[in-house]
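K.L.:
Same order as they appear, the protein sequences are chains A and B.
According to numbering that gives the first Met the number 0, the residues represented by the first sequence are 0 to 364, in order.
According to numbering that gives the first Met the number 0, the residues represented by the second sequence are 0 to 334, in order.
These aren't lab readings, by the way, just hints derived from the structure by calculation.
Watch out, some of these pointers could steer you wrong.
[Claimed, not checked] Per the computed footprint, the stretches of chain A lying under chain B, defined by three or more beta-carbons under 8 Å from a beta-carbon of chain B, are: (1) 135-141; (2) 230-242; (3) 259-273.
[Unchecked claim] Cβ-Cβ distance ranges computed for the label pairs, FRET-style: (4) A/113 x B/17: 18 to 24 Å; (5) B/134 x A/168: 55 to 61 Å; (6) A/318 x B/204: 26 to 32 Å; (7) A/306 x B/76: 30 to 36 Å; (8) A/168 x B/64: 47 to 53 Å; (9) A/97 x B/16: 54 to 60 Å; (10) A/167 x B/300: 32 to 38 Å; (11) B/158 x A/323: 32 to 38 Å; (12) A/163 x B/312: 22 to 28 Å; (13) B/161 x A/97: 20 to 26 Å; (14) B/96 x A/164: 48 to 54 Å.
We put the beta carbon where it would ideally sit given N, CA and C, even for glycine.
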Amino acid sequence: MPDTPVPAPRGTSDSVAPVLEAVGVSKHFEVRNRGGNNAVVRAVENAGIALHRGRIVALVGESGSGKTTVARILGRFYAPTEGEIRLHGRPVAAGGIARRDYFRKVQLIFQDPFGSLNSLHRVRYTLGRALKLHGHARSRREVEDGVIDLLRRVNLTPPEQYLDKFPHELSGGQRQRVVIARALAVRPEVLLGDEPISMLDVSIRLDVLNLLAKLRDEEGLALLYITHDIASARYLCDEIDVMYAGQLVEGGPKEAVIQSPKHPYTRLLLDSSPDPGRSLAAGSASEGLFTATGELGEPPDPADPPTGCRFHPRCPFAMDECRESFPERTEFPDGQWVHCWLHQKGRAHLLAPAPPAQSLKETRP
Amino acid sequence: MTDPALLQVDGLSVDYLTPQGSARACSDISFTLRRGEILGVAGESGSGKSTLITALTRLQRPPAVTSAGRIVYHPADGEPVDLVAQSERALRRRRWRQLAIVMQSAMDCLNPVMRLGAQFTDVLRTHDPSLDRAAAWQRAGELVRMVGIAPDRLPAYPHELSGGMRQRSLIALALACDPDLVVMDEPTTAVDVVMQRQILAQVLRLRERFGFAVVFVTHDLSLLLELADRIAIMYAGRIVEIGSSADLYHRPKHPYTKGLRDSFPPLHAPLRELSGIPGSPPDLRDPLPGCAFGPRCPRAHAACEQAVPPLRTVEAQDVACVLYDPQNPEATAHA
Numbered sequence: 000m001p002d003t004p005v006p007a008p009r010g011t012s013d014s015v016a017p018v019l020e021a022v023g024v025s026k027h028f029e030v031r032n033r034g035g036n037n038a039v040v041r042a043v044e045n046a047g048i049a050l051h052r053g054r055i056v057a058l059v060g061e062s063g064s065g066k067t068t069v070a071r072i073l074g075r076f077y078a079p080t081e082g083e084i085r086l087h088g089r090p091v092a093a094g095g096i097a098r099r100d101y102f103r104k105v106q107l108i109f110q111d112p113f114g115s116l117n118s119l120h121r122v123r124y125t126l127g128r129a130l131k132l133h134g135h136a137r138s139r140r141e142v143e144d145g146v147i148d149l150l151r152r153v154n155l156t157p158p159e160q161y162l163d164k165f166p167h168e169l170s171g172g173q174r175q176r177v178v179i180a181r182a183l184a185v186r187p188e189v190l191l192g193d194e195p196i197s198m199l200d201v202s203i204r205l206d207v208l209n210l211l212a213k214l215r216d217e218e219g220l221a222l223l224y225i226t227h228d229i230a231s232a233r234y235l236c237d238e239i240d241v242m243y244a245g246q247l248v249e250g251g252p253k254e255a256v257i258q259s260p261k262h263p264y265t266r267l268l269l270d271s272s273p274d275p276g277r278s279l280a281a282g283s284a285s286e287g288l289f290t291a292t293g294e295l296g297e298p299p300d301p302a303d304p305p306t307g308c309r310f311h312p313r314c315p316f317a318m319d320e321c322r323e324s325f326p327e328r329t330e331f332p333d334g335q336w337v338h339c340w341l342h343q344k345g346r347a348h349l350l351a352p353a354p355p356a357q358s359l360k361e362t363r364p
Numbered sequence: 000m001t002d003p004a005l006l007q008v009d010g011l012s013v014d015y016l017t018p019q020g021s022a023r024a025c026s027d028i029s030f031t032l033r034r035g036e037i038l039g040v041a042g043e044s045g046s047g048k049s050t051l052i053t054a055l056t057r058l059q060r061p062p063a064v065t066s067a068g069r070i071v072y073h074p075a076d077g078e079p080v081d082l083v084a085q086s087e088r089a090l091r092r093r094r095w096r097q098l099a100i101v102m103q104s105a106m107d108c109l110n111p112v113m114r115l116g117a118q119f120t121d122v123l124r125t126h127d128p129s130l131d132r133a134a135a136w137q138r139a140g141e142l143v144r145m146v147g148i149a150p151d152r153l154p155a156y157p158h159e160l161s162g163g164m165r166q167r168s169l170i171a172l173a174l175a176c177d178p179d180l181v182v183m184d185e186p187t188t189a190v191d192v193v194m195q196r197q198i199l200a201q202v203l204r205l206r207e208r209f210g211f212a213v214v215f216v217t218h219d220l221s222l223l224l225e226l227a228d229r230i231a232i233m234y235a236g237r238i239v240e241i242g243s244s245a246d247l248y249h250r251p252k253h254p255y256t257k258g259l260r261d262s263f264p265p266l267h268a269p270l271r272e273l274s275g276i277p278g279s280p281p282d283l284r285d286p287l288p289g290c291a292f293g294p295r296c297p298r299a300h301a302a303c304e305q306a307v308p309p310l311r312t313v314e315a316q317d318v319a320c321v322l323y324d325p326q327n328p329e330a331t332a333h334a
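Just chain B, with the same shape it has in the complex (with noise of 0.2 Å):
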């Protein structure tokens, strides 16, 4: 946990402008992420995750606007600088070389029209113009073997491969250019568990060889809690608890984490009765003055209304709770 910080995103806000009004999708996101960290981001469908991905990547388009915030990026020899300041032009130098995105379909991030080697020898020799054809079809085939992919499927079109391969296909060319982060949004959820566990599996072999970091989107903690090394916890756009991933399975402070996590059936363990999290996430265009938990909380009191409470460092984690407040009077009673 000594790597230097990678990512700083700091009160990080996006609004979607609507007609009927604004609604909040994130909201005052702060975290540092570390050089070749991965950072798990769970949360239920609505929470925000997927409008963070974008955020972080400046690919977000209107409706969505980025209303306040910095993410600062460390690059490795230079100055530190601002991605929400930057223009697009500086920010297309950026993508693939430093920055990469894996999405969760991979039918629709593959042109259908273009052969799988041709849409890795584009983006190689976009970005080192230098690359001659061949050298950039070697380079291809490197890069598809890495993931377990054999070099003779490039001359192949996507609807040739099966969906495990497409899905592969493209962490490898998220890759392609050797960058420092690579964000995925839920790559797995379109493939069977056997083929997510091999594809993880990969992620973490090449994230050892690459040392890349990763912000990883998902709405299954429990695949999570294997895979990443500090999670986040996303509701209604807020991070309401963020920690190692074993603090947050065995120690889980927030009691959205923990209903999230007992919302999993172990696999081995014995059995007991699980409840899940009864009510549904809040209107983000009518915020709560308080906890958006609130309503769904089984410790909701008085103090959960008044302000919506800060992240607090408590013990090894930071969680988003008033029960963790010194000053609420409630907070004793916690164990």
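Just chain A, same shape as in the assembly (with noise of 0.2 Å):
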């Protein structure tokens, strides 16, 4: 297991122009619904993220928070109903830059290596025809020579060994591995990350964020990581920026989000999220900021949103603005940034100091 260097945190690189930007996205479907009527989903609303070379951002959330569209409208699977997708600045549309160039820049990773990689081809063959397509090897030798290359900087070593291996030969994580090595293939600049390691077995899962990891460090791509595991996010990240029920709530650098979030919802994502180190230090513990509201609260329905901040049917500060309108961004000066009324309206005493930690076991005998 070769050593990978620790993700350091860095700070925001706002002076740099982003390599892939969404601005202002937004995706409705449209579905029939139970009684046979259309029904407009409002998947993701008015969404702004920007990558950068050599930084990974975390878009976190829940399963139906929108992430998954986020990722496919980057990867030009789905035309934005509104907002734009900018790559070095220039506008993607129609007209715009052809999609070849685009796939040659912007690559998708799937959630589920079992079912993104052709059972019947070989690692040669799957690897081999991402370089000859793009036209980055065209000799029978060149061809071998970028696979071995691609498989080494995956960690598959020996390549030798991978070449000639069906994907039912390989484990999970080997065939993870392969399917980043076929992204590498085309030599982009930014890797879209889906849920890249939530099907792999726990004990390789930090391999593969290693392997992210360094591809960041050392080629410097640009990574969004989409995930429902707010502690794998810190481990990789540089940026995490927070999702519900379609509208980016929060986002900044990593452990100001997590350290001080500034939005009910990523505390309540915080509070829920297993923490060892937490509960089996501070033994029991007082009541949460959530369980006093006893109500057992579920994400909205994203053809039947709530209006103005989504979060508020679920929210314990929920104002009358709250159920109007969606807040303006509110920025603090290390780079976070939030959208919520409790920030616009002098009530964010609310939410700090943050409350005792909370133990899964409240009574202990």
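Got two chains here, separate frames each, mind docking them using the hints?
P.N.:
Printed below as a string of structure tokens:
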């Protein structure tokens, strides 16, 4: 296992232009509901994400929050209903950058490595084809060398051992490495990872995360890491953006977001995530912020979302404003930002100071 | 920890008989579950966790066969019985009332063409024929309220409920006949972290109230560390370490337990580079003569290949590793 450098926190690089950017994108799907009427699912509303060279942005949220839709908009699987995608500042749209040129720069890694590799082809073919199609190798010799180089870059060593394997002969972690190698074959500048480790066994997840960190540090790739696991986002990423029911509610440098969340939903997410270090150290702790409400709130139906801030039905601090309109963005000096009326109305003190660590085991004999 | 034993598992082995030979998915499993205790079982996919669950609940179907061992159940009143030797008829009387299960996929476990309430009254009236329809419906309402679902949702069909509600109603259903033991097989993997925490907090509250014991199987060790009283770590069909959550987290003994613990990045503690466990689990059809973890173990040495290490009591936990064999000269090298 080669040593990879610890992903170090780094400052925001606002001075540098983003490689890939989503500006105010929304995606609405028309669906037919149970009564046979047409309904509009508002999967993503006015989302903005910027990916920079050599940085990893995590997009964190529950299932159904619109994370995957954002990835697919960025991957040009869907055209956004509103807003635009910019690659190196150039808008991507009909008549803009050609699709193949776009895919040459932006590649997607899917969640399921069992479904994203053709089971009839050997690793050599799967990787060699991507090299040939994008003109990075012509002769048989070049293809072979290129494939070996790719396998080496994703730590599948010795590469010769993997060239003639079929996907079923590889473990889940090895397959996901082949998927990453295939994405790298086109020499992209941006990788979009949609839950790239959630189907893998726990013991090999970190290997894949370390590989993504290496690609960022050594090759300067810009990465979007989509996950529901905020602890892995903290491990890998530089910046964390939090999404709830199609709206981006908070974002910023990872330690700022995790150590001092500014949105009640981010707080709820952090309080809910398992953290043995916290609970085993704290022992029995007092009632937390959200257990007191008692009501088991659930994420809203995207076809009929709540008005205003979509979190307000579950929010312990909800005010009249929250029901009426979505709050403006509040910026903090360290680069953190949030969409929450508490900050617009000077009630942010309700969120701070952080409550005592809440243990799952409230009463232990 | 002075509660009486509820379940004593002794030398339990389960084989899968396949045309290519048999694979031993659970091998010589022994542990004691006390009344009201939550025992977590953690391991990677293929480690035999789910096989253990179906063997414990006697729900396994061919090609899985319990080839050795005993599962001794101690009822609150009456003589201990060996579940392995019980007939299907005798087991049926014990199911729901003494032994209940919560499965992973709530959609597959609820009958899609029966109203939620009917699935409760079905269970309640089968096990207590004296209960009339109205009383059973009433009781069903109390059960779903316990898990935070309004009783007016009882007429709903499963597809009309959210994933979290379905999973919570399965938990309520498992508790319908006040069992002594509830076995849970990854009950929260299909729901979000927020819902997961709410469900688990409820399980803990209900456990305080009713005193049932839980065997909780999951791949998510970080969750178990918060939830369980004791944790058994499984690898390649064997328990390699068993001990209290705090001991396993702060003082893991087996190199696999250490690796698994370090596979979960911390949420608040300072970050350091973690590496997981390189390699992949062994093929159970072709077991190694020695420790199955040997090929992936950072501390493997010659003694590991000799024989499968037995579980030994080391300080507060039991661990199956030659590093803790007093006869092994390498053992002293270990801190």
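K.L.:
All hints are to be evaluated individually against the structure, with a verdict given for each.
P.N.:
Results of checking the hints against the structure:
no.: 1; hint: 135-141; in the structure: violated (count 0)
no.: 2; hint: 230-242; in the structure: holds (count 4)
no.: 3; hint: 259-273; in the structure: holds (count 7)
no.: 4; hint: A/113 x B/17: 18 to 24 Å; in the structure: holds (21 Å)
no.: 5; hint: B/134 x A/168: 55 to 61 Å; in the structure: holds (59 Å)
no.: 6; hint: A/318 x B/204: 26 to 32 Å; in the structure: holds (31 Å)
no.: 7; hint: A/306 x B/76: 30 to 36 Å; in the structure: violated (58 Å)
no.: 8; hint: A/168 x B/64: 47 to 53 Å; in the structure: violated (29 Å)
no.: 9; hint: A/97 x B/16: 54 to 60 Å; in the structure: holds (57 Å)
no.: 10; hint: A/167 x B/300: 32 to 38 Å; in the structure: holds (34 Å)
no.: 11; hint: B/158 x A/323: 32 to 38 Å; in the structure: holds (34 Å)
no.: 12; hint: A/163 x B/312: 22 to 28 Å; in the structure: violated (48 Å)
no.: 13; hint: B/161 x A/97: 20 to 26 Å; in the structure: violated (43 Å)
no.: 14; hint: B/96 x A/164: 48 to 54 Å; in the structure: holds (51 Å)
Checked against the numbered hints given earlier, the structure breaks hints 1, 7, 8, 12, 13 and satisfies all the rest.
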